[in-house]
Amino acid sequence: MSKVIHHFTTTVPFWQPRVTPIKLDEATPAQLDALKVTPSNTKVSEYVLVLARDAETLRERTPLFNGIMYNRGGMSRAERELSAAGASTVNRCVYCLAVHSSRYNQLTKTEDVMEKVFADGTDADIDPRQGAILDFAVKLSQTPPTVTEDDMAKLSKAGLDKAEILDLILSASLFGWANRLMHTLGDPVEKEG
Amino acid sequence: MTDFLKTTMIEAAGIGAGHPLAEMLAGRSDIFTMTQQAHDAALTPNDPGGLSHGLRASLAGRMARATGADGLADHYAALAAAAGGAEDEARTADADFDGGADAWLSAIVRHTDLVTKDTKAVVAGDIEALKSAGVSEDDIVRLSELAAFVSYQARVAVGLTLMEALS
Chain A
0 MSKVIHHFTT TVPFWQPRVT PIKLDEATPA QLDALKVTPS NTKVSEYVLV
50 LARDAETLRE RTPLFNGIMY NRGGMSRAER ELSAAGASTV NRCVYCLAVH
100 SSRYNQLTKT EDVMEKVFAD GTDADIDPRQ GAILDFAVKL SQTPPTVTED
150 DMAKLSKAGL DKAEILDLIL SASLFGWANR LMHTLGDPVE KEG
Chain B
0 MTDFLKTTMI EAAGIGAGHP LAEMLAGRSD IFTMTQQAHD AALTPNDPGG
50 LSHGLRASLA GRMARATGAD GLADHYAALA AAAGGAEDEA RTADADFDGG
100 ADAWLSAIVR HTDLVTKDTK AVVAGDIEAL KSAGVSEDDI VRLSELAAFV
150 SYQARVAVGL TLMEALS
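First to last, the protein sequences are chains A and B. Anchor point for the first sequence: position 144 equals 143 in numbering that gives the first Met the number 0, and the numbering is continuous, going up by one each time. Anchor point for the second sequence: position 24 equals 23 in numbering that gives the first Met the number 0, and the numbering is continuous, going up by one each time.
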């Protein structure tokens, strides 16, 4: 049994499932469709092989996820990653946070913002726009969410227009979804060797 | 292509044609259409496995209520009423009902609440508890997707309500 990681890191761990992944060579046509397996794309992660147990939802989730994180216009890709990271700190999804904090670092070519977020959460000393985005994502991720009209006003003051605020809501909410799968159905473990 | 104004998400927020936010939201109409497709897959799948449409809608109402999305919870209540089904399953919409004497149902309700309200606290033993109560591995993933999807949709609903205040 590999060692489970509990601390925040930008090094993407392995993911060890708590539910048995399906076997690709035993997958039903509906599962193969949801997995988007083609002769030229046969690499499927264990995480996705676990989710294939609910092929109908998996099939809809993948394009929705990509749309929210990568579609054109609105809030920048890096800021959507920051929003995802904020949600992932609330739910302590170590794996999700590693993936999305490292993507934020790649897109912005910085490391200091995420280092401060890991250390100080919403008290992190970062620029006001990034701080407002992080704070909103964290508050929206609590149950029930603690965002208020004042938080909305802070986003506007920090320079976000309505289309950007919508993307912030969508990306933070999406990680309410992703964290609830990744963090509950498996463990982030150290890569061996 | 579904008209995005007719999706559950937008209707529950009370946004119709001519609303001040409608034009801005139209820029992400594809997202709302895909959200509806995910809603249908999680709430009314062709193959529901061990989780009936009625149970799914009732649990979704419970979760939406806990997440402060009452408009969405009302939608799920209507969906549960339309699905019908077992009385104990319908009662799961009530936050005070813990599943009763049935070990399978009470394990499902316990896990639903835990994943909804305190995701970070979920540990391997919680998945084992579901298995011990007779919840199949397929149904564990189905329940997880349902809880995860509703958590997403309820937060978008809360956000849209706040955006209306801004507009």
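I should point out that these hints are in silico values taken from the structure, not numbers from a laboratory. Where is the CB? At the ideal position from N, CA and C, for every residue including glycine. Do not rely on the hints blindly, as some may be mistaken.
[Said to hold, decoys possible] The calculated lysine-lysine pairs, modelled on DSSO-like cross-linking and capped at a C-alpha distance of 27 angstroms, are: (1) A:Lys190 - B:Lys119; (2) A:Lys115 - A:Lys190; (3) B:Lys5 - A:Lys2.
[What the hints assert, rightly or not] Rough simulated footprint, nothing fancy, chain A against chain B, three-plus residues with beta-carbon under 8 angstroms: (4) 24-38; (5) 89-103.
Each hint tested on the structure:
1. Between Lys190 (chain A) and Lys119 (chain B) the alpha-carbon distance is near 22 angstroms, which keeps this suggested pair within the 27 angstroms criterion.
2. The hinted pair formed by Lys115 (chain A) and Lys190 (chain A) meets the criterion: a straight-line CA distance of about 25 angstroms does not exceed 27 angstroms.
3. The hinted pair formed by Lys5 (chain B) and Lys2 (chain A) fails the criterion: a straight-line CA distance of about 48 angstroms is larger than 27 angstroms.
4. Coverage of the region 24-38 of chain B by chain A holds [criterion: at least 3 residues with CB-CB distance below 8 angstroms; count 9].
5. For the region 89-103 of chain B, the stated coverage by chain A is not satisfied: 0 residues place a CB nearer than 8 angstroms to a CB of that chain, which falls below the threshold of 3.
In this structure, the earlier hints numbered 3, 5 are contradicted, and the remaining ones agree with it.
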